[in-house]
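Take these sequences, add in the hints, and give me the full structure.
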Amino acid sequence: MRYSNLKLTGAAMALLMTTATGALADGSKSVGTMAGTTIENTVSVTFSRGSAEVSTTASATFHVDRKIDMIMDTPHETAVALDLGEGTFTQTLDFNFTNYSNAEVDFTISVDAPAGFSEAAEGDDTYQVFVDGALISNDGTITVAANAAPEIEVRARFAPDSDDVTRTFTVTAAPTGAFDEATGRDITLAGADNMNTLHLFVAADQTASASVDLTSPLLTASKSVAVISDDADFNCASGEAAGGSQAAIPGACIEYTITVNNTGGAAMRNLSVSDTMPANVTLVGAYSDDEFFNVSTNGAEVTAEATGSLTSNTSRVLRIRATID
Amino acid sequence: MRHESNMTLPFARACAPAGKRARLGLASAALALCLSGPALAEGDDEIAVTLETFKLVETVDDDGQTRTERVAPDTVLPGDRILYSIALDNPGEEPASDLSLDLPIHEALVVAPDSFTGSVAFEVTFAVRMAPEDYLTFPELVVPLDDGSTRPATPEDLGAVRVSIAELSALETAFVEYEANVR
Chain A
400 MRYSNLKLTG AAMALLMTTA TGALADGSKS VGTMAGTTIE NTVSVTFSRG
450 SAEVSTTASA TFHVDRKIDM IMDTPHETAV ALDLGEGTFT QTLDFNFTNY
500 SNAEVDFTIS VDAPAGFSEA AEGDDTYQVF VDGALISNDG TITVAANAAP
550 EIEVRARFAP DSDDVTRTFT VTAAPTGAFD EATGRDITLA GADNMNTLHL
600 FVAADQTASA SVDLTSPLLT ASKSVAVISD DADFNCASGE AAGGSQAAIP
650 GACIEYTITV NNTGGAAMRN LSVSDTMPAN VTLVGAYSDD EFFNVSTNGA
700 EVTAEATGSL TSNTSRVLRI RATID
Chain B
38 MRHESNMTLP FARACAPAGK RARLGLASAA LALCLSGPAL AEGDDEIAVT
88 LETFKLVETV DDDGQTRTER VAPDTVLPGD RILYSIALDN PGEEPASDLS
138 LDLPIHEALV VAPDSFTGSV AFEVTFAVRM APEDYLTFPE LVVPLDDGST
188 RPATPEDLGA VRVSIAELSA LETAFVEYEA NVR
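Chains as they are written, first to last, in this note's numbering: chain A, 400 to 724; chain B, 38 to 220.
By construction, these hints were calculated from the structure, which means they are not laboratory data.
Where a beta carbon is used, it is the ideal one built from N, C-alpha and C, also for glycine.
Mixed in with the good hints, there may be bad ones.
[Unchecked claim] Here are the in silico distance ranges between beta carbons for each label pair:
1) B:R104 to A:E518: 43 to 53 angstroms
2) A:E452 to B:E193: 45 to 55 angstroms
3) A:T575 to B:T191: 31 to 41 angstroms
[What the hints assert, rightly or not] One-sided excerpt, in silico: chain B residues whose CB lies under 7 angstroms from chain A:
4) V113
5) D135
6) S137
7) L173
Below, the structure is given as C-alpha cells:
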C-alpha cells in the first residue's frame with residue numbers, strides 16, 4: 400500500500416468504533432480510556448546514509464482527561480398501580496443509574512417528591528432513598544466507579560386515605576462540583592493530576608421520573624325507612640311489602656334500607672355494617688338482597704359483614720325490618 | 038513515485054532544529070506538543086525527527102462550512118480524534134535511504150489505517166497485537182484465531198505501524214501524518 404501526497408481526510412475515522420460522545424457504533428455507550436491514562440507515542444527511525452545505518456527516536460505524550468457522563472432511567476415505563484384497598488401503603492420505585500464517566504465520580508442524588516411528602520423513616524406520605532440497599536439522605540452524595548450501575552430505590556409510603564391520584568417521584572444524579580447548568584458542559588481544571596473535567600451529559604440523561612397510580616376504596620352510605628304494612632297480621636320477618644300508603648301506627652312493620660356504595664377506584668375489603676334500632680322500635684330481622692352480607696342480630700343491634708369485596712363503583716343493600724311498639 | 042517536499046508544512050516545522058527554522062519558515066504550531074529526537078552526531082549528518090500531537094476538532098465557520106482544526110491536546114477525552122505528525126529533516130549534503138519509521142500503537146488508541154498522508158512517497162504496513170512482528174498492508178492483515186483459522190484485521194486489532202520511505206534527499210524535509218481515535 401503506497402501513499403503519496405494524500406489529502407488529509409477524516410473519512411477513514413468512520414471505521415473506528417467510538418464517537419466523540421463515547422457512544423459505540425451500536426448506539427450503546429462506552430466508558431473508554433480511563434482518565435489519567437498517559438498515552439506516549441514514540442517513533443523509532445532507522446535509515447541508511449552511505450554504508451552506515453543510523454537510528455533516532457522522537458516521542459510525544461498526552462493525557463486522557465476526565466469526562467463525566469451518566470444515564471438515569473427507570474424500568475417503570477408506566478405508572479405503578481398501588482391498590483390501597485389491599486392494605487399495602489408502600490411502593491418501591493426503581494431507578495437505573497450508570498456512570499459512563501471514564502473515572503470514579505461523586506454524584507449527588509436528589510429526589511423531587513410530590514407536594515406534601517417528606518423524607519422520613521415512617522409515617523404517611525413519606526419516602527426514603529436507598530442506593531444498593533443502603534439508606535442515603537436526599538441530596539446525599541454517592542461515589543460511583545466508572546461503568547458502575549448502582550441500584551437506586553425510592554421507597555414511598557402513602558396515606559391509607561389517599562385520593563385516587565398519580566404521585567410522581569423524580570430522581571436526579573448530578574456530578575459534584577460546579578458546571579454550567581444551562582449547557583451541561585464545563586471544563587474545570589483539576590490541578591496537579593493534569594486532568595481537566597468535562598461534563599458531557601445532557602440534562603435529560605441524568606433525570607428520570609417514576610409514578611405511582613394510587614387507587615383506594617371510597618365508601619358512601621345512605622339509610623332510609625318506610626312503613627311496608629300497617630296490618631297487624633302481616634309477617635314482618637318475610638312478608639312482601641303491601642304497597643300503597645301505609646300508616647306508621649303501633650304494630651306496623653317498617654323496613655330500614657341501608658345502601659353502601661364504593662365510589663373509589665379500588666375494591667373495598669372487610670366491609671362491615673352495624674346498626675342499632677332506636678327506641679320504640681323492635682328489631683325483627685335483617686337480610687341483604689343477594690346475600691352479600693352475613694347478618695347477625697343481638698337485641699336491638701344488627702351486624703352485617705360482607706362475604707366478599709365491594710368492587711369499585713358498585714353498591715349493596717342491607718334491609719332491616721322492625722315493628723313499631 | 039517521488040514527491041518533493043514542496044508542500045506547506047506549518048506544523049512539521051514547529052519542532053525542526055533551530056538552525057533550520059529560518060530555511061523552513063515560521064513555526065506556526067505554537068500549541069503543538071513535540072519532542073525532538075536525540076542528536077545522532079555532530080554536523081550535517083543528523084536527521085531531525087519530530088513527533089507532534091494534535092487534537093482534531095470540527096468547527097463550523099460563518100458560512101456554515103465544517104472545518105477540521107488542529108488544536109493542542111490540552112484536553113483529550115475518549116472518542117477524540119488525534120493527529121500525529123512526524124517531520125523528518127535531512128540537513129546533510131547526502132541523501133538518506135531506506136528510512137523505516139516504527140510506531141507502536143498505544144492500547145488506548147485506534148489508528149485509522151487509511152488516514153496516512155505524507156509529503157513523500159511512502160509505504161505503510163501494520164502488525165496486529167497478536168502477531169507484532171508480522172508487518173503487512175492493512176488489507177492483507179489477518180488475526181489468528183484459537184481454532185487455527187484467521188479473520189480480517191480491524192483497526193482495533195492494530196498494534197504497530199511501520200512507515201517505509203525509500204529516500205530522503207539532501208536538504209529535504211518531509212512529513213508523514215496519521216489519525217487515531219482515543220478508545
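Each hint tested on the structure:
Range check, R104 of chain B to E518 of chain A: Cβ separation about 52 angstroms, and the 43 to 53 angstroms hint holds. For the pair E452 of chain A and E193 of chain B, the supplied restraint of 45 to 55 angstroms is violated, since their beta-carbon distance comes to about 34 angstroms. Against the hinted window of 31 to 41 angstroms, the Cβ-Cβ separation of T575 of chain A and T191 of chain B comes to about 38 angstroms, which satisfies the hint. Taken as an interface hint, V113 of chain B checks out: its beta carbon lies about 5 angstroms from the nearest beta carbon of chain A, inside 7 angstroms.
The beta carbon of D135 of chain B comes within 5 angstroms of a beta carbon in chain A, closer than 7 angstroms, and the hint placing it at the interface holds. Here the hint on S137 of chain B is kept, as its CB sits about 5 angstroms from the closest CB of chain A, short of 7 angstroms. Because the beta carbon of L173 of chain B sits about 9 angstroms from the nearest beta carbon in chain A, more than 7 angstroms, this interface hint is broken.
Against the hints set out earlier in the document, violations occur for numbers 2 and 7.
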